[in-house]
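Peer 1: What follows is the residue order along each chain.
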Amino acid sequence: MQVNEYKPLIVAFCCNWCSYAGADLAGNNRLAYPADVKIIRVPCSCRVNPMFILRAFQRGADGVIICGCHPGDCHYTSGNYFTRRRMAALFSMLDFLGIEKERTRVEWVSAAEGAKFAATMNDFVQTVTALGQNKRLEDLRCKK
Amino acid sequence: MQRVGVFVCWCGSNIAGTVDVEAVSEALKSEPGVVFSTNYQYMCSQAGQDMIKQAVKEHNLTGIVVCSCSPRMHEATFRKTAAAAGLNPYMVEIANIREQCSWVHKDMLTGTEKAIILGKAAIAKVNLNAPLIPGESPVTKRALVIGGGIAGIQTALDIADAGFPVDIVEKKPTIGGKMAQLDKTFPTLDCAACILTPKMVDVAQNEKIRIFSYSEVTEVSGFVGNFEVTIKKNARYVKEDICTGCGACVEKCPMKRIPNEFNLGMDNRPAIYIPFAQAVPKVATIDPNACNMLKNGKCGVCSKVCAAGAIDYTQKDEYINEKYGAIVVATGFNPISMDKFDEFAYNQSKDVITSLEFERLTNAAGPSAGKLLRPSDGKHPHTIVFVQCVGSRCESCAEKGKEYCSKICCMYTAKHAMLTRDKYPDTEVYVFYIDVRTPGKNFDEFYRRAVEEYGVKYIKGMVGKVVPEGDKLKVQASDLIANKQLHIDADLVVLAAAIEPDKSARPLATMLTASMDTNDFFTEAHPKLRPVESPTAGVFLSGACQGPKDIPETVSQAGAAASKVIGLLAKDKLTGNPCVANSNELMCNGCSSCANVCPYGAITYEDKEFRMPDRTTKIRRVASVNPAVCQGCGACTVACPSGAMDLKGFANLQIMAEVDAICK
Chain A
121 MQVNEYKPLI
131 VAFCCNWCSY
141 AGADLAGNNR
151 LAYPADVKII
161 RVPCSCRVNP
171 MFILRAFQRG
181 ADGVIICGCH
191 PGDCHYTSGN
201 YFTRRRMAAL
211 FSMLDFLGIE
221 KERTRVEWVS
231 AAEGAKFAAT
241 MNDFVQTVTA
251 LGQNKRLEDL
261 RCKK
Chain B
246 MQRVGVFVCW
256 CGSNIAGTVD
266 VEAVSEALKS
276 EPGVVFSTNY
286 QYMCSQAGQD
296 MIKQAVKEHN
306 LTGIVVCSCS
316 PRMHEATFRK
326 TAAAAGLNPY
336 MVEIANIREQ
346 CSWVHKDMLT
356 GTEKAIILGK
366 AAIAKVNLNA
376 PLIPGESPVT
386 KRALVIGGGI
396 AGIQTALDIA
406 DAGFPVDIVE
416 KKPTIGGKMA
426 QLDKTFPTLD
436 CAACILTPKM
446 VDVAQNEKIR
456 IFSYSEVTEV
466 SGFVGNFEVT
476 IKKNARYVKE
486 DICTGCGACV
496 EKCPMKRIPN
506 EFNLGMDNRP
516 AIYIPFAQAV
526 PKVATIDPNA
536 CNMLKNGKCG
546 VCSKVCAAGA
556 IDYTQKDEYI
566 NEKYGAIVVA
576 TGFNPISMDK
586 FDEFAYNQSK
596 DVITSLEFER
606 LTNAAGPSAG
616 KLLRPSDGKH
626 PHTIVFVQCV
636 GSRCESCAEK
646 GKEYCSKICC
656 MYTAKHAMLT
666 RDKYPDTEVY
676 VFYIDVRTPG
686 KNFDEFYRRA
696 VEEYGVKYIK
706 GMVGKVVPEG
716 DKLKVQASDL
726 IANKQLHIDA
736 DLVVLAAAIE
746 PDKSARPLAT
756 MLTASMDTND
766 FFTEAHPKLR
776 PVESPTAGVF
786 LSGACQGPKD
796 IPETVSQAGA
806 AASKVIGLLA
816 KDKLTGNPCV
826 ANSNELMCNG
836 CSSCANVCPY
846 GAITYEDKEF
856 RMPDRTTKIR
866 RVASVNPAVC
876 QGCGACTVAC
886 PSGAMDLKGF
896 ANLQIMAEVD
906 AICK
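Protein chains in written order, with the numbering used here: chain A, 121 to 264; chain B, 246 to 909.
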């Protein structure tokens, strides 16, 4: 194992009904993905306030991914449509600020898609690792 | 700050195999608020739970973090443990270090590191937890069924059987719906009226059931267990409680040239009418658009001949307000309009009819007393062409048809074809189809009987054009299997029109805040596991309002919806989910952003008085969330521009604290 191997810090917001269950299923099936992914459970992907994402980047996260039910399958009927629109707006703003589009992602993972969850996380970690550390929004005062 | 106890579970070797549980419990000891930290082999076992209870007592804990399996697995268990230890059950947070850590990471070092971070996030969250108390609301023990077809009838009967009062609201003058118009029913060919009308009588005689016929729902407010509904009882100009249904008025009415809706306009009815002989309630109704007395004040024959004195020309629409605990939607379907299908010449020739019209033609109580006669000249047709999928499965013609399969057409067309050949063996019967879909008990056998025993000619291919020529209908079609063009001189063409939800469904869905798909079918709470509930709590679905269905399916769904309603009404109180949105009135500026995104209509606005610093008062519009309606998705919390809206259990500060803990 290399000593200075870069490990990205990735925050994943997963909706309770689909994606969090999908992540559990990935676990049940022992589908490995990097430990860099830390999951935060939210009732619905539409609970994810853009503030949370900005906060994550401010605190030094290298990538943020939001997972929700597939369009049309939302437990709350329409929550993921809000997510889709809100995040499109937020991500384009972040892109403008210099946070590469690849560092942010919205994915639909159902409770049956453990394999998709693991594959998505593997892919996302790979993408973010290739980009390297995110310094754009990091607030160094937080590191004190 | 809470006094937090941390309990790290080994889950045998499931967690302990890849996570150094000792190190985790040790590392979490120094986290803010943590006063106790330990690990144990099976936290969910009785011994583990006792350990938690003991620690709560000994260390005076106010919050609990369990690092264990997924909260989807044992959150409920540990909440119960907390409650048993005298804590509020919502003071428990779970760090998922099994499914999302030990099981997906192979390396002890990374596993342990991640488990510590997940533990820290849970501790950060629990420090901001507040005790939550689920709201309770009483249940009005009365159900409303909207729609009086077979779906509504069966639902109402089943609910009434369990002892709860039910009201049926039906917009037509009688209950019975589409099934009352049918002749025979597949696959057993028993007559629809023979099996439906006894049920209609049961409804009428059931003390627990009230029928509001010729009525509609105009307003719905409230929430599960406590709906307030306004029902508009349209004036029928006949006193329902006095009319005996003798029919003297119907016979004597001089206005006899009104198209009869029940027979789909194939014959006429008077201005005062009873839709059919077995109508329930059997009460006459005056059509205000046709009655001379109501229009010009001239006539009054019906009131003269009515021995009971039931006619009341001054009757007004009546509005009834009633409270309900549950609402069942059973608004049913209609065949789509054939106006846009010019190729079939439906509007040019009387002898091109829809399947429902064919149903009336062959019905003994129909316009031709059950004799299959051409509507144009009353002659017996010798060649009949049935066209399937007219407007169904029609991807290219979305503006006039439907993309979905209407499901029932294959079977009723087989029925029509079979019955025709049975009664009139000299008739040639052709059926043009795309596919024959017969999934259902005894359905395929039925279809094969039509082909093999009755000699119905099934041809795979679509009819391109129907041209009326003389007293014949020239049918141009393609036979896909023989790969040739066919020209058939038909006497009668029957179109299996696609079915669509009733037009009243969409405004109703808006009133109920129940969701619909793009075809205006009501959506169910879960397509597989909750097929009779709408996503809106307390609103249930029965019959074809949810999707095309045949009678057996409708009846089984009606029973299922009834059992869900009974389960709800049997409760004295409803316990809600305490993780609901709440609005900080001091920050709210009443902008409506939250109400606009709420899928449940849980947010209303009220004018509240606020004291200002200068001791004056000011009235402001602020949002207020109904905790019994809110399901806790959190869409409003993000929509709120001033940050006044927050979600209990998943508060902004809590999630932010988790983010901070992870990104440290």
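Any given hint could turn out to be false.
[Unchecked claim] Keeping only pairs whose Cα atoms sit at most 27 Å apart, straight-line, the calculated DSS-like set for lysine-lysine is: (1) B:453 <-> A:127; (2) B:429 <-> B:453; (3) A:127 <-> B:478; (4) B:453 <-> A:255.
[Stated by the list, open to error] Beta-carbon label-pair distances, calculated as ranges: (5) B:354 <-> A:232: 29 to 39 Å; (6) B:831 <-> A:251: 55 to 65 Å; (7) B:650 <-> A:259: 53 to 63 Å; (8) B:719 <-> A:232: 30 to 40 Å; (9) A:246 <-> B:354: 18 to 28 Å; (10) B:587 <-> A:246: 33 to 43 Å; (11) B:763 <-> A:251: 33 to 43 Å; (12) B:650 <-> A:246: 57 to 67 Å; (13) B:277 <-> A:259: 13 to 23 Å; (14) B:473 <-> A:232: 49 to 59 Å; (15) A:246 <-> B:684: 30 to 40 Å; (16) A:246 <-> B:463: 53 to 63 Å; (17) A:259 <-> B:801: 26 to 36 Å; (18) B:751 <-> A:232: 28 to 38 Å.
It should be emphasised that the hints constitute simulated quantities derived from the structure, not laboratory data. Backbone N, C-alpha and C define an ideal beta-carbon position, used for all residues, glycine too.
Peer 1: Given the proposed pairing of residue 453 of chain B with residue 127 of chain A, does the C-alpha separation stay at or below 27 Å?
Peer 2: Distance of about 68 Å is beyond 27 Å: violated.
Peer 1: Please work out if residue 453 of chain B and residue 255 of chain A have their alpha carbons no farther apart than 27 Å.
Peer 2: violated (70 Å)
Peer 1: Starting from the hint 13 to 23 Å, judge whether the C-beta atoms of residue 277 of chain B and residue 259 of chain A obey it.
Peer 2: holds (21 Å)
Peer 1: Hint says 57 to 67 Å; check whether the CB-CB distance for residue 650 of chain B and residue 246 of chain A agrees.
Peer 2: Since residue 650 of chain B and residue 246 of chain A have Cβ atoms about 43 Å apart, the given range 57 to 67 Å is violated.
Peer 1: Indicate whether the distance between the beta carbons of residue 831 of chain B and residue 251 of chain A respects the range 55 to 65 Å.
Peer 2: Violated, since residue 831 of chain B and residue 251 of chain A (Cβ atoms, about 43 Å apart) do not stay within the stated range.
Peer 1: For the hint 53 to 63 Å, verify it against the beta carbon of residue 246 of chain A and that of residue 463 of chain B.
Peer 2: holds (58 Å)
Peer 1: Would the hint linking residue 127 of chain A and residue 478 of chain B be met if the CA-CA limit is 27 Å?
Peer 2: violated (70 Å)
Peer 1: Please test the hint of 26 to 36 Å on the beta carbon pair from residue 259 of chain A and residue 801 of chain B.
Peer 2: violated (60 Å)
Peer 1: Does the beta carbon distance between residue 246 of chain A and residue 684 of chain B stay inside 30 to 40 Å, or does it fall outside?
Peer 2: Violated, since residue 246 of chain A and residue 684 of chain B (Cβ atoms, about 45 Å apart) do not stay within the stated range.
Peer 1: Range first: 30 to 40 Å. Now tell me if the beta carbons of residue 719 of chain B and residue 232 of chain A are that far apart.
Peer 2: violated (53 Å)
Peer 1: Please test the hint of 28 to 38 Å on the beta carbon pair from residue 751 of chain B and residue 232 of chain A.
Peer 2: Roughly 32 Å apart at Cβ, these two residues keep to the hinted range, so it holds.
Peer 1: Quick check: does the Cβ-Cβ distance between residue 650 of chain B and residue 259 of chain A fall within 53 to 63 Å?
Peer 2: About 57 Å separates the Cβ atoms of residue 650 of chain B and residue 259 of chain A, which means 53 to 63 Å holds.
Hints 1, 2, 3, 4, 6, 8, 10, 12, 14, 15 and 17, counting from the list given before, are not met by this structure.
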